[in-house]
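Visitor: Here is how the chains run, residue by residue.
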Amino acid sequence: DVKVTQSSRYLVKRTGEKVFLECVQDMDHENMFWYRQDPGLGLRLIYFSYDVKMKEKGDIPEGYSVSREKKERFSLILESASTNQTSMYLCASSFKLGTDNQPQHFGDGTRLSIL
Amino acid sequence: QKEVEQNSGPLSVPEGAIASLNCTYSDRGSQSFFWYRQYSGKSPELIMFIYSNGDKEDGRFTAQLNKASQYVSLLIRDSQPSDSATYLCAVNKDNYGQNFVFGPGTRLSVLP
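Listed in order, the protein sequences are those of chains A and E. Counting in the numbering used here, the first sequence tops out at residue 137, every number present. Counting in the numbering used here, the second sequence tops out at residue 123, every number present.
FYI, nobody ran anything at the bench for these hints, they're computed from the structure. Fair warning: there could be bad hints in the mix.
Derived CB-CB ranges, DEER-like [claimed, not checked]:
1) Met49/A to Leu22/E: 25 to 35 Å
2) Glu91/A to Pro21/E: 36 to 46 Å
3) Leu137/A to Asp66/E: 41 to 51 Å
4) Ser63/E to Arg31/A: 36 to 46 Å
Which residues of chain A face chain E? A few of them, derived with a C-beta cut under 7 Å, are [what the hints assert, rightly or not]:
5) Leu112
6) Pro125
7) Asp130
8) Gly131
By construction, the Cβ of each residue, glycine as well, lies at the ideal position given by its N, Cα and C atoms.
Please model the entire structure based on the sequences and the hints provided.
Guide: Here it is as structure tokens:
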């Protein structure tokens, strides 16, 4: 079974802090994704990565950065946390090529509160 | 027009009935289609995928795809209260799995 592990289920931080969310997958997936999910707004893509050290902006990258130094690990960084970044953050991963349907597999999510 | 559209619901069905969830998409070049179930406060869980026109069955779930109409649906037979969740339709628009678009989800409520 695919395992995508997010470092924290719940996290509380203060405004202005630098926040790191970590995600690790054990399936040798090339693609990794960070989403946030808010009531009424659905899943919104923040960033994705298709290879080590490669990254692409998603729909809402402002205020975030990412790091992918190893294939299995994809980190989301909130440079200076703000209250409007309070949300559920979801990491996902998938194969890039060689698989017909390439579903994304999700971690359990991190519910982040910025006070 | 949004890329992937779903009725937000809630869709209420009695226990034992068939629940029908619908999804339309705008990009004719879309390659494959996925249904995810998401319980409140949890992450999305893959139920099934389909990439050829027609029906695909997996237990109580049937996915239906009509590329000409740009329409994909999920049928849940013998609905159970445990099926109460939000169902997300997702569309893969390329061959690399990097252009994934999720619909807003339909909330299903199965009434005992």
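Visitor: All hints, please: hold or fail.
Guide: Each hint, compared with the structure:
| no. | hint | in the structure |
| --- | --- | --- |
| 1 | Met49/A to Leu22/E: 25 to 35 Å | 33 Å, holds |
| 2 | Glu91/A to Pro21/E: 36 to 46 Å | 43 Å, holds |
| 3 | Leu137/A to Asp66/E: 41 to 51 Å | 50 Å, holds |
| 4 | Ser63/E to Arg31/A: 36 to 46 Å | 38 Å, holds |
| 5 | Leu112 | 6 Å, holds |
| 6 | Pro125 | 5 Å, holds |
| 7 | Asp130 | 5 Å, holds |
| 8 | Gly131 | 5 Å, holds |
Of the numbered hints stated above, none is contradicted by the structure.
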